[in-house]
Amino acid sequence: GSESSPPAADGANESTLKVGTIGIAADAALQSAIDKGYFAEEGIDVEVSVVANPPAGIAAAQSGQLDLTYTPSIPMLNAKSQGVPLTVVAAADGYPDDALEQEDLSQVDDTGLYVAADSGIDSPKDLEGKRVSVPARKAQLEVTVSQLVKDDGGDPAKVNWMVLDPASALQSLKDDRIEAASLVTPFTGQAASAGNTLLASPGVEFFEKGAIGLWVAGSAQAESKHDQLLGFQRAIYKANAYANENLDESQKQAAEITGLELDAVKAGATPFWPVEVRLEDVQRTAARMTALGFLAEEPKLDQSLFLSE
Amino acid sequence: MKRKALNWSLGVATPVLLVAAWWAASANSMNTFFPPLSAIMVRFRELWLFDHFGSDILLSLRNLLLGYAVATVAGVVIGFVTALVPVARWALDPVIHFLRGIPPVALVPIFISLIGFGIEMRVASIALAALFPTLIATVDGIRSVDTTLKDVSSVYRLSRGEKLAQVYLPAAGPQIASGMQVSLQVAFIVMIASEMLGSSEGIGAMTLLAQQSFMIPDMWAGILLLGVIGFGANLVFELLKNRILAWHAGSRRLANS
Amino acid sequence: MKTQIKPAAVGALGIAGALLLWQYLATGPMNGSALPAPGHAIAELAALLATGTFWADLADTILIALGGLAISAVAGIAAGLLIGSFAPVRYATMAVLEFLKPIPPIVVLPLVVLVLGPTAQMSWVLVVIGCALPIVMQTVAGVHDTDPVARDTARSYGMGHAEILLRVTLPGAMPFIGTAMRVAAPAALVVAVVAGLLGGGPGLGQSIYQAQAAGDFPVLYALVLVLGLLGLVFQGATRLAERRLLHWHESYREVVL
Amino acid sequence: MTATAPNSFRRAAGRHTVQEDPMTVRDAAAALPRLEVTALSKTYGSGGSAKCVIEDLTFTVNTGEVVCIVGPSGVGKTTLLKCLAGLQPVTSGAAAIDGRKIDGPPAEMALVFQDYNRSLMPWLTVRKNIRLPLRHLRLQAAELNQRIDTALEAVGLTHAANQYPWQLSGGMQQRVAIARALAYRPEILIMDEPFASVDAQTRFELEDLCLKIRDDFGMTILVVTHDIDEAVYLSDRVVVLGAKPARVLDVVDIDLPAPRDQISSRALKEFADQRTNVLSMIRKPA
Amino acid sequence: MTATAPNSFRRAAGRHTVQEDPMTVRDAAAALPRLEVTALSKTYGSGGSAKCVIEDLTFTVNTGEVVCIVGPSGVGKTTLLKCLAGLQPVTSGAAAIDGRKIDGPPAEMALVFQDYNRSLMPWLTVRKNIRLPLRHLRLQAAELNQRIDTALEAVGLTHAANQYPWQLSGGMQQRVAIARALAYRPEILIMDEPFASVDAQTRFELEDLCLKIRDDFGMTILVVTHDIDEAVYLSDRVVVLGAKPARVLDVVDIDLPAPRDQISSRALKEFADQRTNVLSMIRKPA
Ligand SMILES: Nc1ncnc2c1ncn2[C@@H]1O[C@H](COP(=O)(O)OP(=O)(O)OP(=O)(O)O)[C@@H](O)[C@H]1O
Ligand SMILES: Nc1ncnc2c1ncn2[C@@H]1O[C@H](COP(=O)(O)OP(=O)(O)OP(=O)(O)O)[C@@H](O)[C@H]1O
Ligand SMILES: [Mg+2]
Ligand SMILES: [Mg+2]
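Residue numbers (my numbering), protein chains in the order written: chain A, 1173 to 1481; chain B, 43 to 299; chain C, 4 to 260; chain D, 220 to 505; chain E, 220 to 505.
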């Protein structure tokens, strides 16, 4: 598994970066950066701790308890729009630019919207008035599925959102307690093998391309540990590139981190580790969230969002 | 009399002072996570008075009441059985204490597949968690009933029902009441936790959602509301207890009252 | 001796019954769901026992739970004695405590994580928040239950406030404090795990989080088994400690036959 | 319970009057052993901490008799009463009522505890404390209330009926415990130092009350007391316990003429003789 | 505490001997009012449920005196003692020690409670119960143990030192409470029906012990009792309380010659006279 020892209070010197992750397959790049000594090359020392969810990580990052944390762009934008000062350090995972051209979107998207085979739901619009599970409210899956519904001519506000952990979502789908479940790997695979139908791949349809998972620091931290974070950026991009090139090795690492069977990892979507974050990608996401009503007003985003020399 | 007045003014002054201190200290706060109290109060009014009163507050309170009622009745009944029937105690004790060490989150999937994630699940999880403090306090209360009182009831050949209702229950009453008070607190906590799953209705769900989407003043408003309701619930509990257990307060009052 | 064997035997029967129920649930109504058969979970547990990280995590969890419990006990009992014994203190703190009581650890968790980070200290603080207040409440109830004649006796012998508190009120309140500790001990364990599960503190909570995230249910329930057993051990230890401290009390007096 | 007994008893004032019946209940039942204690012994605890409190105790109490037990503090009197009341199992030997071995609280018996302050339910008022054991006798409301009122009046606590025990003085609490037993009207009444905390005047009245209910209801009464004068005044026989473990030193028959009277009986020469007799019995082994 | 007082007291056996000092402590201090009760009144509760228990009570106790208080059950004797011990606030009037008004438990006083069984800590053994109040006197270990041993021996409980109160008989518990007060060696000792549950023989011994410690340590002793003989035997003066709310009916000076002796003193004609005197005082208002 990943290193999860708590950061030692006294050992935290200048060159140490405390990094929060949520323990997912995308951490493979981080792990290989550690293993291959990319961080050491930059003269930084990385301490990894697992946080339960992105908001907890963001909270810890903004207060300086973590130097940086993994978060998808949507919770980051939620926080940003509420005035939490955050700086994006690097890309963690995402979609390649040609993602939408794929034949089978589930091969690139690690999220999926499943309905029971005999549910009679054929398109996202049919979800109106139905019970749809999400792992958390106002987070990535609710936003992306809402977009699907809206694009299909439906009203996302009419969907009956249910917060359920993945295991309960699968069970409830089977027991007809919900009509649709939005899931993340490895549960997408389990949903498929249980005979459910994939209705859509909401992630890639919403984001289209670019970085989704981000390494984010509190703005204060971005200033005080500027150099180390730049070092982190360089090292992680090196690792991201390496991970893309050596897919087998990174998938093996992902299996180790998540405790899954290698076959299950391989059967899921192909992961992608971008080596840059583009402002336009983030702006597109923010605009869509605003249009859907998840953000009260579109936050003004410019290059200052990103850590730079 | 003077003393009483002093006590009451202390009781009123301390919270007022604390709130004033909070108000002053947070007035110009720029910290996202510790917003000014004034901003919190604005959200408090907007959210709870009375926008979500019927839809969320009443819903949560109904679950709380149902779960708590089940927990206390079951806690007292099971407590009596385990305290007075050794075989039941030996058989149930290990299982009960085994279950208590397990975080409810880990049991949620089992719960959900057995009873779903609707109201039933919320009420059941509140009841289950709030059961134990009452149960344990009841067992302890019954086991510490004065031997002389037990002897008196034997000598006068009180029937089993009389012994239970007229001797054990009142004698264990103070301890049961304090267990029930802890149960109330636990029920409250689980009420909020139970709203983490399923449809996002209720005070707990709204507060957690506010927290997850960084609507920090909303979160604080939720915390305040929880505090106010908890305070009120406890007040009602105290009043009832003081009525029912007046004999206890009287008999235990310090001699210098 | 015979009386010792009998409870153990009936207790074992109780556990066997629970295992059978589990087997039935896993293979019957919940077949194909997250709940593995008990045999499967136990096999997974055996595998876990062979890994070093498991033991390190276990040690972390126990340390946090026990440490937090110890702090809560010392602080909670001290506060409870003061609040219960001195009316002004009671009036001054009542409103504030009542207000804080219903605010659950899950809601303050992000705030604590914010201040302390996903660290062991964070877990300690949460355990203290979760356990201290019930201990305070039960201690206050215990103080009110001590015999006023005993306290008057001490006063008439010119014993100071502190001495009376320590030597008369505290032992007199012990039965209630014992109840509180037995309620709090498993709760400390649960909060220590939840702090890992939701807040990223070290220990078994993280292992459970990872098993849950990966959908690895046999491991998840193997860990749940460990926690249940730990709960039993905690319960047994508090009982034992209580038996030593309360051997004089009605409920522990040797039955004379 | 004797069916012919009158329904109420008046408060005996200084002097108690015998019934008008040509033959008192007591004479009729005389020499019928109601309560038999045979070779009774009792040990507290077991193994290393075992403590033999009573060893080989034998005596009987006849129907309608008043028997007092005297003996040094800590000798085992309370323990004996608890065995008789079926609250403590005996270690060997037996106690029997009408030949039936006692192995649980017998229906016809009531006990006034030495720990009077602990034997009252603090959550019940005086009246309700007295009513508690009467509930299962299924009396009619009128009779129930009448019994309670009579008992309260007999112990002089009518005015305190609605107070809680912890609002009463020690002596008043003790009298509530006595009233509870009186209202229950057991056939056998056992009292453990019942008048220890009441004043001299009330004590006299309660002693006479005791004799009166014996006569009125044919009750068999067993009293533990430390007051030798009281033992002699009340008793038909005095059982003197001594030595540890407790043994019967002597059973002294008291032959004072009935009816007894607080002033004249105590002035009799026989009274002084018996008193000296019992006292010397007690002092002997010390 | 009188510095010249011997460190230990032997168990008085039936007869107590006066000290060798040419002038006893008691004579020296005579007529010095140690304890003064002036127009004291006490009401329990307030408003509608107010209950006036003591009204306008006045009397004094001199240094080295033994004063007994007698009066009917429930008249307010215990309440009075609690006021003297500073455990209950007085409603009006005052109680004072050496002229200092009592408004909290005075350091020089110890109280033996009527509820002896509740005044012992069930979690402490007999020995530790006695030691409990001695801790803050900061005695040396040797003196501490010696005091405890002497007190235990004086009440005849040496053998029960390591038992818990609930393993003792009622009389033994009462004697533990007395021993605790003795070991504390207060200047003023107040006892509420201290010998109610002990047998006649022990009672005599404890009465003599009481007189002895008064002589040895110059203690001032105030005792509530229901036993008129005991009151006359022990006292220099008897305060007779009566009526509700409690009032002083009379203060009877007892002029029995010292040293007193259980057999010869009680046989004196003065004894019988005083006894009748007090008894008639008590009976008068009934
Ligand atoms: N806590 C209390 N609240 C109300 N009334 C009380 C309380 N304690 C005592 N009393 C009342 O005060 C009166 C006097 O009680 P107290 O205990 O002083 O009597 P006493 O003279 O000691 O009697 P005894 O000889 O029976 O012990 C009684 O009528 C009693 O009912
Ligand atoms: N629960 C107990 N466990 C052990 N020993 C006990 C217990 N109860 C009583 N004893 C012992 O038994 C002996 C007799 O006690 P008991 O109460 O019968 O005496 P008693 O004759 O009633 O004395 P008193 O006149 O003082 O009330 C005492 O030595 C006491 O220490
Ligand atoms: Mg006894
Ligand atoms: Mg009294």
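Worth flagging that the hints you see were computed from the coordinates, not collected in a lab.
The beta carbon of each residue, even a glycine, is placed where N, CA and C say it ideally should be.
Treat the hints loosely; a few may be bogus.
[Stated by the list, open to error] Coverage of chain C stretches by chain A, computed from C-beta distances (three or more under 8 Å per stretch; other residues unrestricted): (1) 115-122; (2) 213-222; (3) 232-242.
So, going through the hints one by one against the coordinates:
Here the stretch 115-122 of chain C counts 7 residues with a CB under 8 Å from a CB of chain A, which clears the bar of 3, and the coverage holds. Counting residues of the stretch 213-222 of chain C whose beta carbon lies closer than 8 Å to any beta carbon of chain A gives 9, which meets the minimum of three for the stated coverage. Only when three residues or more bring their CB closer than 8 Å to a CB of chain A does the claim for the stretch 232-242 of chain C stand; here the count is 0, and the claim is violated.
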